[in-house]
Structure formats: C-alpha cells, structure tokens
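Generate coordinates for the entire structure from the input sequences, incorporating the hints supplied.
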Amino acid sequence: MNKSGLNDLPNEILLHIMSFLMIQDVVKTSVLSKRWKNLWKHLPHLKLNTSEFSKPLYFSECVSGIVSSRSMGNYPLCTLDFNRHGSFQHKIFTELIKHAMSNGLQHLNIVVPSNIGLPYSLFTCHSLTSIYISVSMYDIKRRTRLPKHLDLPALKNLHLDSVGIQADHNGHAEPFSTCTELTNLYIDECVLVYPSSLPRKVEGKLNVTNATLSNLTIKDALTHKRMAPVPNYKYVISTPKLISFTLNGSPFLASSLPERLKVELQSSSMT
Amino acid sequence: MAQEASSSTSSKTISLKTGDGEIFEIEASAAKQMKTVQRLIDDLGDDITIPLHNVFSKELPKIIEYYKKDITGEITKDFEAEFVKDLNDDEVKVLFLAANYLDANKLFEFLSQNIADRLESKSVEYVRKYFGVENDFTPEEESKLREERAWSFRGIKEDE
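Residue numbers (this note's numbering), protein chains in the order written: chain A, 269 to 539; chain B, 3 to 162.
These aren't lab readings, by the way, just hints derived from the structure by calculation. Heads up, the beta-carbon is just placed ideally off N, CA and C, and yes, glycines get one too. Where hints are given, some of them may not hold.
Stated by the list, open to error - Computed from the model, here is a short list of chain B residues facing chain A with C-beta under 8 angstroms: (1) Asn102; (2) Ala118; (3) Leu121; (4) Val135; (5) Asn137; (6) Phe139; (7) Ser154; (8) Phe155.
What the hints assert, rightly or not - Output of the computed footprint for chain B on chain A, the stretches with three or more beta carbons under 8 angstroms from beta carbons of chain B: (9) 273-283; (10) 295-301; (11) 327-334.
Here's what the structure looks like:
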C-alpha cells in the first residue's frame, strides 16, 4: 500500500494549506525542517489582523518580524491585508508598506486608525491595481490622508472610507486625474483637509477628474459627531467615460441632492 | 418513463474500483466534478469500471457522499461542519490526499481550510508529525530559529 504523507506533496499544495492558516501558524512552519524554512515567504497573500493576537504588542512584533524575515531575500507579494483599529506604531507600518510596495504588491486592503499617516511609498507604487483604505475613528485628527498627487499608473480600483483628502492653499484637490487606468472609485465619508492657513469657510473644491473612470460612488459624511468642523466644499465631477454614479446609496439625480452636498457634473456619458 | 433526459449523462452511473478492490457507483454528473475521474472516463469510456489505485474503500464513500450533495446544490456550512465533525485529524488527511489525487476541487478547498483549522496553534512537533516532516535541523539550528521567531510562538495549545 503506497501511503504517501502530506510532506510528499509539491510546494504549491503545502502553500495552499498554509494560505488558510493564521499568520503566526504560517511563520511557525519555518521551524518544521530545512525545506520549510523559507517556504512560507512564498505565500503571495499576507493577512495581518490584530484579532488573531492576544496583545497589540505581539501584533506589532509579528509585523516587524515578518518584514525583516521577508526582506532577507526576494519574495514577491501580491496581496496585503492589514487590520488594526487601535493605535499602531507609524514606523512599523511604514516599513510594512515600503516592503510590500517594493515587492510588487497589486492589492492593498488596510484598516488603520486615523492617527496613522499613509507613507509616500503607497502612492508611488507602479504595481498596485487595487486599493482599499478604511480609517477607524481613533481620534479627531485626520492624519490618514490622500496626498495631493497620486503616482499610481496601474490603479484600477480605489475605495476610500473615511480617508482625508489633502487640499492645496486654495482649498482645491484633484488627486485622481493621474490615475490613467482607474475604472472604479468609491469615496465613502471622506473629507477635504485644508492647510491650517486656510479658513474653513472658504468654499473648496474636490475635483473628481478622470479620463477612464466607469463607476463612481460617493457617500457623503452626513454627521460629524466626533470630528473637527468640516470645511465647506463641493464635488466637481469631470469623467467623460462614466457609466454609473451612485450618490448616498441611490443613482445620481441632480434634482434630489441633499442640501449641504453640492455636486457639479461637468461631463459624463450619462444622460 | 415520460420524457427523455435533457443530457444523456444525467441518469448514468459510473463504476469506480478502489485500490483495495471494492466497487462503488457514482452518478456521471458527480464524476464530472472529479477531474481525474473524468479524464479516465474520457480515455477508457464510461461503460468500464474506472480503477482508482490511490483511493481506498475507507474514504471513497465519504467523497461520493460529498459530491452527491454537491450536484443537488445542497452543500451548506452546516452540511460541511457535520461532514467533518466525527473525523479525526488523520481521517481528514487521508480524505484530503484522495481529493488531491482525484482533482476534486471543491472538496480539496474545503478540506484545506479544515486542515488549517485543525492545525491552529498546534505545536511544531504536532505539525511535523501531521505532515510527515523529518526534522533535519540540528538542535542548535532549531533553537536559534525559534529564538529569532519568538514572536510567532505565543499562545500554543497543548498537544492532545
């Protein structure tokens, strides 16, 4: 009777089982034998979630340890999931993002507290095709922001939940026009962030300008209970290839805009 | 016998012979979900008993049970939980190896998850035994590696 064990299976299958393991168990496999020592580093999808750890400190150590282990070689990374609602060290987060971006990351899904600034390497990555960022309201400072310019030429899907959008000294922001492959944009409760020198009552503009965008969803922040007062701005939408526009859960109808939300539709292929 | 079946294979059964010589019947539509079996049917014809040298009479009925449910669209989380509830870790391993050999994708995916669940927080020694891994580190190499990866060794369950 030819009874082969799991260890006789090819690496792809062992990695497949590993892909269902929690991250600590994944890393522990490196101690099994010499064959397994670096096998885990070939996993294309890293899932880092604090819920799998009994203490936030252990989570930080794990993230830090993984980044330095993976850095000792050339291990491409396709997808990164990161989830931490409470505070997290900016330095470790920046190292994680830098590492992921320099290893060809394509899909980024992160949930972060709002005191974390997003590293520059995230917005200058040429391999990224989809980004999901959700900010948990940890404190009233919106440090988690989109910069003024995005250098993301491969980006197709962008989903921003409670992310600040940096405006210039005039209160204008136009971050999406350089994303030449963008197809889907989801802006959920994001707020324009003025430079401190600009008074909040100045009417600003969030320009949603993109030549390739097909689908746009905007969910406006209707309540700001814990947040600092929100500047006064309007959305100016200039998207010639747009097929669908959903505003606050309904298809866009100019006549049914809620009072405080100003939307100017400059060009689209919709009637 | 009223109307003709819309597909000529819909009511056909295939005979499968295990490595230990037992014969089991399976519906042709269920056999289609196991790519290895389907390839053998394509090569040998569907009237011949298909030999499965690496699958045995202990595990094949369970696999047939799974795919019987699959073709009627009845696989639910409850069914899957019930399916593995009384299986020990070794029985799941054998089923997994068989699903791999048969190229039965849905069962393979489900059992991958189940194996991972069973290995959660288990000790390195337990996982080695489970996979059948021979430890080729020297004690010094192993302890050095464990020290470097200390952050991944928290909260380990006692071996059962």
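Checklist entry - Failing hints, ascending? => result Result: no hint breaks.
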